[in-house]
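S.K.: Order-wise, the sequence lines are chains G and B.
Note that our numbering numbers the first sequence so that position 103 is 103, with each residue one more than the last.
Note that our numbering numbers the second sequence so that position 181 is 626, with each residue one more than the last.
Please keep in mind that the hints were generated in silico from the structure rather than gathered at the bench.
If you're wondering where the values come from, they're calculated on a predicted model, not measured in any experiment.
Backbone N, C-alpha and C fix where the C-beta goes; we use that ideal spot for every residue, glycine too.
Warning: the hint list may mix true and false statements.
With a straight-line Cα cutoff of 30 Å, these simulated BS3-like cross-link-like pairs (lysine-lysine) come out [claimed, not checked]:
{"#": "1", "chain 1": "G", "residue 1": "Lys-292", "chain 2": "B", "residue 2": "Lys-650"}
{"#": "2", "chain 1": "B", "residue 1": "Lys-650", "chain 2": "B", "residue 2": "Lys-511"}
{"#": "3", "chain 1": "G", "residue 1": "Lys-45", "chain 2": "B", "residue 2": "Lys-536"}
{"#": "4", "chain 1": "B", "residue 1": "Lys-650", "chain 2": "B", "residue 2": "Lys-536"}
{"#": "5", "chain 1": "B", "residue 1": "Lys-511", "chain 2": "G", "residue 2": "Lys-261"}
Here chain B is said to cover these stretches of chain G; the calculated rule only asks that three of the stretch's residues, wherever they fall, bring their Cβ under 8 Å from a Cβ of chain B [to be verified]:
{"#": "6", "region": "36-48"}
{"#": "7", "region": "241-249"}
{"#": "8", "region": "419-433"}
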Amino acid sequence: MVSMVLHVVTWSWAETDTGERALHNAGTPGPRESALFSAISEARKQLNIHGRFIQETAYRVHDSGEFTKIRQQVLLTEQLPLTHDVQFHSTQRAYEDAVFGGTDNYPHHVRSDQEWDVELRETYVDYSHGALDVRLGKQQIVWGDTVGLFVADTVNAKDLREYILPDFDLIRIPQWAVDVEATQGQAHAEFVWLPVRDFDKLGVSGSEFEQPYPVPTGTTFTTTDPSRPPASFSNSEIGGRVSYLLNGLDVGAFYLYTWDKLPIFFRTISGSVYQFSPKYRRAHLFGATFSKDVHGIVFKGELLINPNSDLTTFDTKDSDGIVRRPVIDYVLGADYTWLNKIDTNVQLIQRVIGHHTDLMQDDTVRTHLSFWAKTDLLNGRLQPEFLLLAGVTEVDLMYRPKLTVKLTDALQWKVGADVFQGRPGGLFGRFEDRSRIYSELTYFF
Amino acid sequence: MRGAWLFGCLLLVGASPSHGALTAQEILSKADEVRNPQLDYTVRVTVTSMKPRSQSRTATYEVLVKGRESAVIRSVSPPIDKGRVLLMRGKDLWAFLPTITKPLRISLRERLIGDVANGDLARTNFSGDYTPELTRMEPLEGIPYYVLRLTANAPDVTYGQVDLWVEMGTFHPARAAFYAISGRLLKTCSYEGYQELAGGVRPTKLVMRDATITGQQSTIAYERMEVAPLPEKYFTKDYMKKWME
Chain G
1 MVSMVLHVVT
11 WSWAETDTGE
21 RALHNAGTPG
31 PRESALFSAI
41 SEARKQLNIH
51 GRFIQETAYR
61 VHDSGEFTKI
71 RQQVLLTEQL
81 PLTHDVQFHS
91 TQRAYEDAVF
101 GGTDNYPHHV
111 RSDQEWDVEL
121 RETYVDYSHG
131 ALDVRLGKQQ
141 IVWGDTVGLF
151 VADTVNAKDL
161 REYILPDFDL
171 IRIPQWAVDV
181 EATQGQAHAE
191 FVWLPVRDFD
201 KLGVSGSEFE
211 QPYPVPTGTT
221 FTTTDPSRPP
231 ASFSNSEIGG
241 RVSYLLNGLD
251 VGAFYLYTWD
261 KLPIFFRTIS
271 GSVYQFSPKY
281 RRAHLFGATF
291 SKDVHGIVFK
301 GELLINPNSD
311 LTTFDTKDSD
321 GIVRRPVIDY
331 VLGADYTWLN
341 KIDTNVQLIQ
351 RVIGHHTDLM
361 QDDTVRTHLS
371 FWAKTDLLNG
381 RLQPEFLLLA
391 GVTEVDLMYR
401 PKLTVKLTDA
411 LQWKVGADVF
421 QGRPGGLFGR
431 FEDRSRIYSE
441 LTYFF
Chain B
446 MRGAWLFGCL
456 LLVGASPSHG
466 ALTAQEILSK
476 ADEVRNPQLD
486 YTVRVTVTSM
496 KPRSQSRTAT
506 YEVLVKGRES
516 AVIRSVSPPI
526 DKGRVLLMRG
536 KDLWAFLPTI
546 TKPLRISLRE
556 RLIGDVANGD
566 LARTNFSGDY
576 TPELTRMEPL
586 EGIPYYVLRL
596 TANAPDVTYG
606 QVDLWVEMGT
616 FHPARAAFYA
626 ISGRLLKTCS
636 YEGYQELAGG
646 VRPTKLVMRD
656 ATITGQQSTI
666 AYERMEVAPL
676 PEKYFTKDYM
686 KKWME
C-alpha cells in the first residue's frame, strides 16, 4: 500500500511537470487513459502526508553525568480515502541514537537493542458504514479515561525501554488487530481480536532503564530470555468493551482475554544462586471506567481487576517463586481549571493485592498520588507544565517539570527534567540514579 | 482562543419583524438562526489571536455541528496543532491529542490552544445556555436594535451574563458584551462581514476584544459553510480517533 501511495505521488508529479505536453504529443487520450489520469489526480488531492522530525537529547545528572540519548527520529504518516466508506492510514518510524556510536556509555548488547530501528507503526484500513466501524490492521486500541496512566490501557504491548517517559503514542506498540465498533445513540460496543500476540519491550541489562530482577539485594542469579508462546489461533487475544453516556456520566466496562505483557520470573534456587526461567502467562482482565463533569470539575476513574495475577514471592520454600493472587488496580482523579488559566489534575492511584503473604515482593497496598498542572504564556507560545507522582506510604517520587516553547507554527522545543527519588524497590526510586535533563526539538510537517 | 469566543458570539444572532409580537426568546432564536444554520453543517473557522507584546497566532479549524448541542472541532493548522480534536456534546467535552491518542474528558473551562476556553470554541448556542430578557430598544448609527440581556442558566456556562444587540427587521446580531458572574465586563464582540453563507445572510467575521487588556483581541473568520446531514456517531468520543491525522 505504501508503495502504491508513492507510485501515485510520482505519477502526479510527472503529470504536473510534463504531463500536459506529453498528452498533447500523444494526441487525444482514450477513455481508459483519461479515467486513469483522473483517478490519479483525484488520489493526489486526497492523499494526506504529514509527520514530524524529533531531535532528542538527554543528559543524566546523577554522579558522573553523561549523555544518555542523542536520538534523531522521524515519523511519517500517509492517509488516503479509498472510497466513501474506506480510508487507509499508515505511519512509519525510523530513529538513530548517536549516544551509542559517539560514546562508550553502554555495553554492546544495549547498543544492539536500542541504537536504531525502522518500523511500520499504525497501518490499517478503516471501514465506516451506518452504525458500524471496523479498523483492520496494525493499530493502538486505547481504553481508559485518566491522564498519564495505563491502568485500563491494557490492550497494546508497550515499549518501556525508556520507562514511561516518552509520549504515550510512542510507548504503545501498535499490534495487528481487528477492532469492530457499533454506536447507537448514547451506547457504544466494541469487539477486539488480536491474532498476533506481542509483549512489552523492556530495557536490557546495562541499559538506562533496565528491568530489575525480582531477587533480594546482593543475590547471584542467572536467567534466560523469556519464552514466547507460539503464534497460533488459540494464543490470540480477544476482548470487548461497552460504554454508555447518561446525563453526562460516561461509564464503560470491558473484558480482555490477553497475555500478561510482562514476563513472569519463575525461578529455581540452586545453592545460593537464583535461576530464572521467564515465561508469559495468560490473563483474564476485567475493568471499568467513568467520567463526569460536575460544575467544572471533571471526575474520572479507572478500575482493573486481574483475579489471578502472577506475583513474585521471596519465600525460598515456594517451588517456583510465583504465587497467584487477585489484584485490583484503580485510579480516581479530578480535573479543574483555575482562573481560566491553569489546568490541573490530581489522582489517587492504588494497587491492592488479595490474600497477601509476608514474603511477597509487593506490598499489600501500594498508593501513589499524582498532581499535574499546565498553563499558557505569551499567547500560547510558552507552556510550563509540571507532573508529580508520589508514593503515599514511602518516599517514591517522580517529578517532571517541563517547558514547551512553540518557536514557530511548525517548530516546537521542549526542555525539562525527569527526576526520580526513593528506595531501590520503588516504582520510581529504582531509577534514582537515572534522573536526567533533556531537550526535545520537534519539526512538524 | 478569543476567536473561539467569537464563535460563541455568533450564536446570539436574532431578529424580529414586529417587535411588539416577539418575545425575547423568539428574538434570540431568530438571531441564532442568522448566525448558524439550524441543520447539520460544516464550516472552516480561522482564529487569529493578538496580544500586546506578543506575536499574533492564527489557527484554522474544521468544525462539524449537529443540531444545537453537538460539535466536533478539528485542528487543521498550524502543523504544530494538527490532529487535535475537540468534541462537544451538550456541556460534555472531550479532547483528543495525537501524543496521547485517547479521548480525555475535559471541562468547558479547560483550554484547547493558547488561552482560548473550549466553551468559546465549541458552544455555538446561546439559546440553550442563557435566558434572554429584552431590556430596551436603541438605535446604533441610525439603525434600531433590540438589546437583550442574557443570563446564564447554569454555573458552568462560559459567561455569567451577555448583552446582545440584534438589528430589528433582519435579526442580525451587531455586537455583544460578555460579563463574568461578578458582573465584570470581560469581552466585547462585533459581528461583521455579513454575506450569503449556507442559504442565509450571516456574519462571516467576529472581532472579540478583551475588555481588561488593551490591544488584546481575536478575530474569527468563517468560510466554506455547508449544510449537510452528519451521522450521530461522528459526535461520540469513540469516533474521535477517526478524526486524527
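S.K.: Is the straight-line distance between the alpha-carbon of B/Lys-511 and that of G/Lys-261 30 Å or less?
M.R.: The hint is violated at about 41 Å.
S.K.: Check the hint pairing G/Lys-292 with B/Lys-650 against an upper bound of 30 Å on the C-alpha distance.
M.R.: violated (34 Å)
S.K.: Can you take a look at whether the region 419-433 of chain G is actually covered by chain B? Rule is 3+ residues, C-beta closer than 8 Å.
M.R.: That given contact is violated, which follows from only 0 residues of the region 419-433 of chain G lying within Cβ reach (below 8 Å) of chain B.
S.K.: For the region 241-249 of chain G, do at least 3 residues have a Cβ located nearer than 8 Å to some Cβ of chain B?
M.R.: holds (count 3)
S.K.: Would you check chain B against the region 36-48 of chain G, counting CB to CB pairs closer than 8 Å, and say if three or more residues qualify?
M.R.: violated (count 1)
S.K.: Would you mind confirming whether the straight-line C-alpha gap from B/Lys-650 to B/Lys-511 stays at or under 30 Å?
M.R.: holds (21 Å)
S.K.: Quick one, are G/Lys-45 and B/Lys-536 close enough, alpha carbons at most 30 Å?
M.R.: With a Cα-Cα distance of about 36 Å, the restraint between G/Lys-45 and B/Lys-536 is violated, given a limit of 30 Å.
S.K.: Check the hint pairing B/Lys-650 with B/Lys-536 against an upper bound of 30 Å on the C-alpha distance.
M.R.: Measuring from Cα to Cα gives roughly 25 Å; hence the hint holds.
In this structure, the hints that do not hold are numbers 1, 3, 5, 6 and 8, in rising order.
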